[in-house]
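For the record, the sequence lines run as chains X and R.
My numbering puts the first sequence at residues 3 to 295.
My numbering puts the second sequence at residues 4 to 305.
Honestly, the hints are just simulated from the structure, not real lab data.
What you are looking at is a predicted structure, and each value in this text was computed from that prediction instead of being measured.
For glycine and all other residues, C-beta sits at the position ideal for the given N, C-alpha and C.
There may be inaccurate statements among the hints.
Now the stretches of chain X that chain R is said to cover, found in silico as 3 or more residues with beta-carbon under 8 angstroms [to be verified]:
#1 71-85
#2 91-105
#3 229-238
Here are some chain R residues the structure puts well away from chain X; computed CB gaps all over 10 angstroms [to be verified]:
#4 40
#5 192
#6 282
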Amino acid sequence: MKKFRLLGIVTALTGAMLLTGCGGSNSQASQQSVSGFNVNRAINVISREDGSGTRGAFIELLGIEIDGVDHTSSEADIANGTSVVITSVSGNIYAIGYISLGSLNNTVSAVSIEGVPASPETVQDGSYPIFRSFNLAIGNLNAVAQDFLDFVLSAEGQAIVVAGGYISVDATAPAFAGGGASGNVVITGSTSVAPVMERIAEAYMTVNPSANVEVHSSGSGAGITAARDGTADIGMSSRALHAHELEVVDSITVAHDGLAIIVNNNNPLENLSVEEIRQVFMGNIHNWSDLLN
Amino acid sequence: MSDKTLINVREAVMEKFFLFCASTSILALLLICIFLFANGIPAIQEVGVRAFLLGTEWAPLRQYPATPQFGILPMIVGSIYFMIGAIIIGVPVGIFTAIFFAYMCPDKLYFFLKPVVNLLAGIPSVVYGFFGIVVIVPIVRVLAIQFTGHLPGGASGMSILSASILLGIMILPTIIAISESAIRAVPKNYYEGALALGASHTRSVFFVIVPAAKSGILASVILGIGRAIGETMAVVMVAGNHARMPIHALRGARSLTANIVMEMGYASGLHRETLIASAVVLFVFILLINLTFTFIARKSGM
């Protein structure tokens, strides 16, 4: 009996491994077997979920949000994360999506916009048209929070921004001269800004060991609310602050992040105009033949 | 202190301890109920029961001058479609497997197959989701392009069908395990009696044993439905998550669970409360399903 059971488990495990093996080769096959790209096929639009900072910035920058209404095509697949967008696009030659430029990798291709390739350099010199700002919402700052903010905008802080794949707001920022203030700083907000802010916070705490900086991620809207209510010293936002928010808090831009429009590596598309992207994501352009001519 | 009183004290202490353990789960359920209803009901009232349950537009982030829309009917219908799809795919396979296991499977094969089925129950749903994205979605994409290529929007293969196939596989272990024990619980002499009356092996099993076990089998199906409607991660990954009324089996839809998990991280204010309110709706669904299960299980004396 026991022997049989053991045998059963071993066989089951082997089976499971074979299964995953199958899965892997299958996806490779589907990527390699693409010899011809049928331009008459429909475009698979992939967007992000409502409330995502990336989607918020994208619809705002491209004018997809009109009078407060998000006109993203209702037929767009909704992916709940940057990595899911990348996986979906890398597995489907007819797909198009958008991600943060800092997250771009070689499993997908970024298209040029108005002839300008997507890269930190083109965002920096202003030729790449779609980028968003990482903003900090600040209410009344105490001494140590002000000191941290100075660090973020200093040469050291901006170097960390660049190392993270984002674009600094001031390439000629002076070196950090502050330090010495002690106390706690609580920062909360955008999940897109949080990773780079955590790295800056770590660096700051080595420069100024008497300060303690906590970074939480809760989403842009929640971060701005927290800064307004005083539950956090600084709120992070990956979109521009609305007018009614600017009445109660100040906004400081600490980094820029390009938005890359991505397609499958086997997709022949290389360039799009801003208006084309807008029409694709609003569901007014359906076929690849309308983009590739 | 004599040995007897010591034993009595121990008994009493352990009894209290077990009572405490038993209360934990009830307390947890109670707290969940209070949290859900206290947060969800005001939101439903604010949006309006009709507008919430029967509204076909979900646009929680519209800003002035437009007004946000909080209709969850597309997600309710989506969840029901996924459930029906999972039943169509999972139930026949599950029940026939259970019958096979109980009455036809050679012992050697059984000791191999049974652990495989049990293993299926232990796979995390995100792994199912990944399997779905890599294997099921590309296959369904071929069908989708064939049959819905003329509809606007892309046919990516992320669809009701993909999610149904995946959920159908995911509910198999539940259905097989409970159906099998229900079939095995039917007294052997029913089967022998049928044979004695001249029925063949297959005929005895299908016309005597299975009808005798039908309430147990039904119970297994209902538990499977509960699993299908509550499943989240795997569905989010393969369903496409379109927040509009489902239009085609080869096109995407969004389930209630997917809606909650995708938007909860960013939501605040009324948006957040309506998501909790959709959890209330889901909770009521599950409650009804479990009540039906309890009712049927009681009737069948399981």
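- Query: For which of the previously enumerated hints does the structure constitute a violation, in increasing order of number?
  - Reply: Hint check: 3 fails alone, others pass.
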